[in-house]
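Trainee: Between the sequences and the hints, there should be enough to build the whole structure, so can you do that?
Sequence order for the protein chains is A, B and C.
Numbering follows numbering that gives the first Met the number 0, in which position 272 of the first sequence is assigned residue number 271; successive positions increment by one, without gaps.
Numbering follows numbering that gives the first Met the number 0, in which position 255 of the second sequence is assigned residue number 254; successive positions increment by one, without gaps.
Numbering follows numbering that gives the first Met the number 0, in which position 197 of the third sequence is assigned residue number 196; successive positions increment by one, without gaps.
Some hints here could point you the wrong way.
Unchecked claim - Stretch-level coverage of chain C by chain A, calculated; a stretch enters the list once three of its residues show a Cβ under 8 angstroms from a Cβ in chain A:
# : region
1 : 48 to 55
2 : 107 to 114
3 : 156 to 170
4 : 246 to 255
Everything labelled a hint here was simulated from the structure, so no lab data went into it.
Beta carbons are placed, not taken as given, at the ideal position from N, Cα and C, and that holds for glycine.
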Amino acid sequence: MNHTRGHRRVFAAIGIGFAMIATACGSDGDSASTTVAPTTVATTAATTAPTTADTTADTTADTTAPTTAETTGATTADSATGGSTTDGTAGGSDLVLTEPVKIALLIPQTGASAIPEVFEDPMEMAVKQINADGGIGGFDVEYTTYDTGFTPEQGTAALRQALKDKPTVLMGYAITSQVLAASDLLNEAKIPLIHFSAADETNISAGGSPWTFRVKLQNSTQAAASAQFLMDELGAKKFGIMYTNSAYGTTARDAAQAVIEAGGGEVIADRSYAQDATDLTEQVLAMEGADVVLNWGFPNTIGLQLNQMFQNGIDIPTMDSDSSILTYENQLADADAMTKFYGAVVCNPSGDSRESARDWASTFEKQYGYNPDANSAFTWDSVYLYKLAIEAAGSADGEAIKTALESVSWDGGVCQTHYETDENHNLSHDTSIVFLGGGKRETVAVTKG
Amino acid sequence: MSRFVALLSAGISTGSIYALVALGFVTIYKATGVINFAQGDLATLGSYLAFWAVSSLELATGVAYALAIGLMFLVGVGLERITTAPLRGRSVHVVVIATLGAGMAIRAGLGIWQSSRPKRLPSPLGIRTVGLFGARIPYQSILIVAVTAMVVVALILLFERTQFGRQLRALATDTEAARLQGVMVGRMSMLSFGIAGALAGLAGVLFAPVVSVNLNLGFVAMLNGFAAAILGGFGRIGGVVVGALMIGVFEQMAAGYIAPQLREVYPFALMILVIAVRPQGLFGSEIRARH
Amino acid sequence: MPATEIVPTTPESARSGSAVPPAHRRHQLRTVVLVVAALGLIPLRYGGDYDLSIANLTISYAIAAIGFYLVFGLSGQFAFSHAAFFGIGAYTFAWAAHSRGFWIGLVAAVIATALVALAFAWLVRRASHFYFAIATLGLSEIALIIFREWTSFTAIGGEVAVPNDPTVDGFRFDSEFRMFWFLLGALVVTMVIVVLIERSPLRRESIAMRDHPEVAASLGVPIQRVRFVMFTLGSAIAGFAGALFASDQGFISPTSFGVGLGINIFLMVILGGLTNMWGAVIGATFVVLLPERLRSFAEYRELIFALLLVATILALPEGITGLRQAWRRITRRA
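Mentor: Laid out in structure tokens, this is it:
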């Protein structure tokens, strides 16, 4: 065999390979972007074929003159279902933009623990509603979903792909490491991101990008609020803490411990476990002797914790993180194991004290077939927060939207009762304590943060 | 004492699951010389099929389990037809990668079919427990151990007393000689994948009520199953079962009495140490490299 | 009960081309330079940040895959530990570069990875084939937990920002475009090292050890030493790639170095073809680029990727570079 010739062929093959990359990379707009018109039947961005989607987007951008949107003048932030009121940031109702507002939704669509619909459904619903009410700045709002997977590099690739499509604003990123990895990119792009991650590490004071805003509760706030509730309302003194072995779990443990010790209580045991743990016998047995258990984990491990606590006869109240709603809704724990089960969540729309939130939840459930959790509610609210900010800013310029978001003060959401941006760009502050069990998902307290 | 018993029983029960997964590898390995990297995903698929039979077909749990295990036998055969049969005579590595790819496809397909939301597969025994030395042992653990014990006995009989078993042994000893003796290599390969599929399905339906039906269900069990198979020497059924139980119990005990946060390290650390000291596994015979 | 036998099966595709005398491999260096120079021209035409970042990711992985070519392709060691070494390189780099800058970080990453690899290879020196494979899988799981738990070395949860760009004589490679050139340079360095290895007796000895260990041993090839050297060299290249990856990405988390990456590196080498190091580069391109190209399929992306993967393996069991043999067979027949 002639090896020199062989290598030439390989050379050619590589050349072709990289030429393919080059052409592939060079071609623009391969992601599906959908304009959801008010009358359109539910189509998600995901399933639309690329070519059709591109045409739709282009046509809208090129042919729809601002004046054709007849309802522009009358647009307010009021939505039919949400009963929202613009408060403090209103005043952009006669805003006229030169092109449609494009929202990039960055969420995990693939991967073993991806549940994309809890973000995609409310996104679609909110955009439809806004467009039915006249859109923003004379155009229908458009959105595109980008798959972030679960690793920082996949998240960054998704963001770069999104930025290539020149979005007006960014939304999503449920994974802390992805928000952190995106810092430099966001600072360069100068486009605001409302993100769905909890960890304190993304705080601006901790070096996070000033272009990020958190609509979810800050992890330490939520953990502290739940510890406070357990002490004040259930009279707990001795705490057992369980947490997943990540920054998310560790931060929550530290915050809860500080509150417990300040209130004269003590942590008698703290135990971490892997995110995909399949047995918690050791951890659960360590909780024996505590008045309550605080567990910061994910749906499967919360289910495991509840079942194993019940099986080992540890009959004490337990307070779990955001995922507790998923554990409850999917009945991952036996009904007998969920008799003293509390969840600390950003909000619980179907059990909210406000009628507007409950109405929204039932409309949502009718449309999509499941009772929405906090994820869906704050996704909806984020779309409206952007609408408010853009109208207040009077333009679709990233800098102006960021400034407007920094002074948001809004009471019209379906998740939090009041949104207000603090120095770390946290929008949400109140923790809802939900009792889960006996067929109910009842909000028992709302702790002001 | 009660803590020790509780940890021990949890170890034996997770060890039994590892054993079921590991026995699947070993069966396929004996017949084909390939390690099936989709074994974990087959267990996941088994749990989803059972969930589907319970929730959509509304079958009783026992019937649903049986249906799932039966279907998994067919899935195993199908997997062999797709990934192994066309690559017969190719390098083992290529076949291994093909099974890996098939596993990825199974996981991704399940996510689309049933969504990635975790689900609960009911156990016929619920979550009740029985007291033993002050510890509470879940009935499900007892079920897992009892079923595994029965399966192990059945497999030993199958391997030692039947035509299938004799042919399998012949294949494992010398593929060429076995072929010349009239062993149908293709049929044996299919059957072994079928059995491994059913074993994985069984592991899936037994494990799912404990940990919920989710797309990662089989993966962790597979990694530990590997460790178990290696510890046991990859050949003898008894060795593999003992290896699996050792992994399960050691994991619990080290987590309980050394450092709980390093729990996931223990099975692999134990395995690497065993390989360092006894490269053929604890119960494997001397490895004879052959070409 | 029959004796269990672990049969080291040789990737037969790797057998082809193994007998080429060194004199005929002279042009490899020229090929490397030409190909890489051609690649360097790409950003002049397509310079989007997204495209460049994907290209950069591809190069980081390609370097790691070339290291894996030494471990698996040349010396036939069935290892899943490459992702762990990639991670060890990344974390060591983050730790050392934090106080001492890019270059010290890079050197530390390579040395640390080489030491861990050597120690591990020694520990499991008597394990053969699948035993070795599963031991490396175990190492990879252990490394992940260490990245997470050893917080004084990494950070809480193993999530570390890595702000260290490469600097040469005061010039910072701080944009995607500049990083592309830097990584390309690193790719050339790696390939040159591999070409030099392939010209040395090490190649012949590795192949002899891989295909006929007893014969090789009886002819005086120091089998154990060759195995250690190839494993350590290949893994050190993974550490080198990991350091570059960390610098390029600017942020690392244990999720980036899981078994998934170990499997992907395997796919790269198998899909590309085991015959030579170019297979690793082509394979890396395939494994990084294909999922990106499938973005518009959203939820279906993973499934389509997996199916394409299986289809590719079934159609081209010898990898994409195996196409040329297939092509030659067809043309010869015609």
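Trainee: Residue count check for the region 156 to 170 of chain C against chain A: does it reach three with CB-CB under 8 angstroms?
Mentor: The restraint on the region 156 to 170 of chain C holds, since 3 of its residues have a Cβ under 8 angstroms from chain A and three suffice.
Trainee: Examine the region 246 to 255 of chain C: at least three residues should have C-beta closer than 8 angstroms to a C-beta of chain A.
Mentor: holds (count 7)
Trainee: Do at least three Cβ atoms from the region 107 to 114 of chain C come closer than 8 angstroms to Cβ atoms of chain A?
Mentor: With 0 residues in contact (Cβ-Cβ under 8 angstroms with chain A), the coverage given for the region 107 to 114 of chain C is violated.
Trainee: Quick check: do three or more residues in the region 48 to 55 of chain C have a beta carbon closer than 8 angstroms to a beta carbon of chain A?
Mentor: It holds, with 6 qualifying residues against the three required.
The structure does not agree with numbered hint 2 stated previously, though it agrees with all others.
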